[in-house]
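A.B. asks: From first to last, the protein sequence lines stand for chains F and B. Residues 1 to 329, numbered by the numbering used here, are exactly what the first sequence covers, in order. Residues 1 to 148, numbered by the numbering used here, are exactly what the second sequence covers, in order.
Check each hint, because a few of them may be wrong.
Quick list of the computed label-pair ranges, beta carbon to beta carbon [as the list claims (entries may be wrong)]:
id: 1; chain 1: B; residue 1: 136; chain 2: F; residue 2: 305; range: 25 to 35 Å
id: 2; chain 1: F; residue 1: 192; chain 2: B; residue 2: 4; range: 19 to 29 Å
id: 3; chain 1: F; residue 1: 305; chain 2: B; residue 2: 138; range: 34 to 44 Å
Far from chain F, by Cβ distances over 10 Å, these chain B residues were calculated [claimed, not checked]:
id: 4; residue: 42
id: 5; residue: 47
id: 6; residue: 58
id: 7; residue: 59
id: 8; residue: 144
id: 9; residue: 146
Derived from the structure by calculation, the hints contain no laboratory data. Every value quoted in this text rests on a predicted model; they were computed, and no experiment measured them. Think of the CB as a built atom: it goes at the ideal place given N, C-alpha and C, for glycine as much as any other residue.
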Amino acid sequence: MSTIYFQKQPRIVGWYSVAGKKESEGPLGKTFSRIEKDEYFGEKTHECAERKLFVTAIEGAIQAAGIEPEIVFAGDLLNQIVSASFAMRDVGLPFVGMYGACSTMALSLINAATFIEAGAAHTTVAAAGSHFATAERQYRTPLEFGNQRPPTSQWTVTGAGATVLSDTKKSPYAVTCATVGRVIDYGVKDVNNMGAAMAPAAADTLERHFINTKTKPADYDAIFSGDLGQIGEEALRDLLKERGYDLGDRYYDCGKLVYAVQQKVDMGGSGCGCSAVTLNGFIMDKFKRGDYHKVLFMATGALLSPTTCFQGETIPGIANAVVIEEVTE
Amino acid sequence: MDRQQYAEYIKKISPKSKIGWSLVRAFIVGGLICLLGEGLGALYQMWLPGYDQTQIGSLVSCSLILIAAILTGIGVYDKIGYFSGGGSIVPITGFSNSITSAAMEFRKEGIIFGTCANMFKIAGPVIVVGVAVAMLCGLGYFIVGLFL
Chain F
1 MSTIYFQKQP RIVGWYSVAG KKESEGPLGK TFSRIEKDEY FGEKTHECAE
51 RKLFVTAIEG AIQAAGIEPE IVFAGDLLNQ IVSASFAMRD VGLPFVGMYG
101 ACSTMALSLI NAATFIEAGA AHTTVAAAGS HFATAERQYR TPLEFGNQRP
151 PTSQWTVTGA GATVLSDTKK SPYAVTCATV GRVIDYGVKD VNNMGAAMAP
201 AAADTLERHF INTKTKPADY DAIFSGDLGQ IGEEALRDLL KERGYDLGDR
251 YYDCGKLVYA VQQKVDMGGS GCGCSAVTLN GFIMDKFKRG DYHKVLFMAT
301 GALLSPTTCF QGETIPGIAN AVVIEEVTE
Chain B
1 MDRQQYAEYI KKISPKSKIG WSLVRAFIVG GLICLLGEGL GALYQMWLPG
51 YDQTQIGSLV SCSLILIAAI LTGIGVYDKI GYFSGGGSIV PITGFSNSIT
101 SAAMEFRKEG IIFGTCANMF KIAGPVIVVG VAVAMLCGLG YFIVGLFL
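Isolated chain B, as found in the complex:
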């Protein structure tokens, strides 16, 4: 076997992720997280009638972030993640988990050089890409606006 043949051979014998079942699990868990968010939103709306939709949205996001951080701290979120994959990574709770888990992991190296330096290890690239894409979109929007 040469390198090329070996690569094909390995691809053939390596087990693949079971996409169908993974999608179902991701859909259920991701959906439940969103449902929780909607439920919290409805509750806040009821309790705080003076708040507008944007403020309620921020409150819901903060609550979900807090819940996910606590679940990460007590060692539950990684189990949910193992079960649901993208279902618990994509929502804002996954973002919270990525920061909390890194912060916890590097706590042993101290607050500054451990936690502070490493807490955005996983989430950092997501933020950078998010900001960069937002800038590109904004620029596109601006240019298109010039001709309309």
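Next comes chain F alone, as it looks inside the complex:
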């Protein structure tokens, strides 16, 4: 499949990001719509807190847009995507659950834009989020267990982001095209090195996107990958160099942006929330200030589960890319 072009240019009319304490202390802290310092968000469990992050982000984005949407596309990392679906009990809108591991923000955005393109809806919402504590419990060890994290590990972002798309011309920022990722597996087995597992998929999506759209890295004000972290970022740069593309200094990884080095997160941030809060905070902020006019936003996901890991499977990766640009008309 080639790249999807959105002739109707679905506009980003509202966006909202809510992030946790650690994220608020990072370099992007000021760009988030709301900071929630309590890891429980006033709820009984971390899982409930994650749901509340979703509700907060989606309702915040709808309020910012000022248009009532018809359908929500959202997903998270927990089994059976319970955070997104349980949050929809409170939101009350028709819901399509998405799963693309940490690439979910871009995946939701692509689907939300496609529904508008197809004329199935006028206004749609795309959302994704994650919580450090729930991800640790599902994929790793209990929070109070006293072990050391390997230096290649990443830190799951606590936060959620939501974007409202509309077929009105209320905003100049549009989703103009998107490239859906292929599942690529280069045989990485180390669950503590997700960046390495995802980088080949990211390289594949970017290369196909550049070929399909006949663009090159320099045609974008910025290119973002979701949560490759330090190793994944380096690997993506080198993999693309091999294929004749130099990403240069316009390329950033949300996972590397979201935390500062002294925050002890090893290779950087990860999780669905990582790219979601960066898009609905930092990136849209830059658009609003006029610093960006055309951005390639590519969220990356490692499609593993604890079961597949214990059964000795390698980690397949996926990357979904979306172009967001300021359009004149």
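Please build the complex by placing chain B on the supplied structure of chain F, with the hints as guidance.
C.D. replies: Just chain B now, kept in the frame of chain F:
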């Protein structure tokens, strides 16, 4: 890059654990825990002159387990673990931490299906392997004994 080359490439660019400094930290913290155990042993010996060495040993183990469980509960042990790695995992306190942390983590799913079902999630394999190896050693000891 094919899969093989990629694996080598990733190995090259991935940062390695700083073994030298980690060993020093593990040695210091592990040593301090053992020192605490020895100190407690000496104290108990003084307070309870009627107890023999085995009983004192059991008391010391129980005390260390309790201390580690409390430190886990108040959120300190994971910080010690982050600093010292194996130094605080290998002693009996690490065992206590692995059980307490799992018990706390799964408390939200209820006492039976949460805490009881999951508290040996990390420590369980250690116990199983320990028992299995002990059986194998015992069997070896028995067989060797037949010929001596």
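A.B. asks: Check the structure against each numbered hint from earlier and tell me which ones fail, lowest number first.
C.D. replies: Going through the list in order, the structure violates no hint and respects every one.
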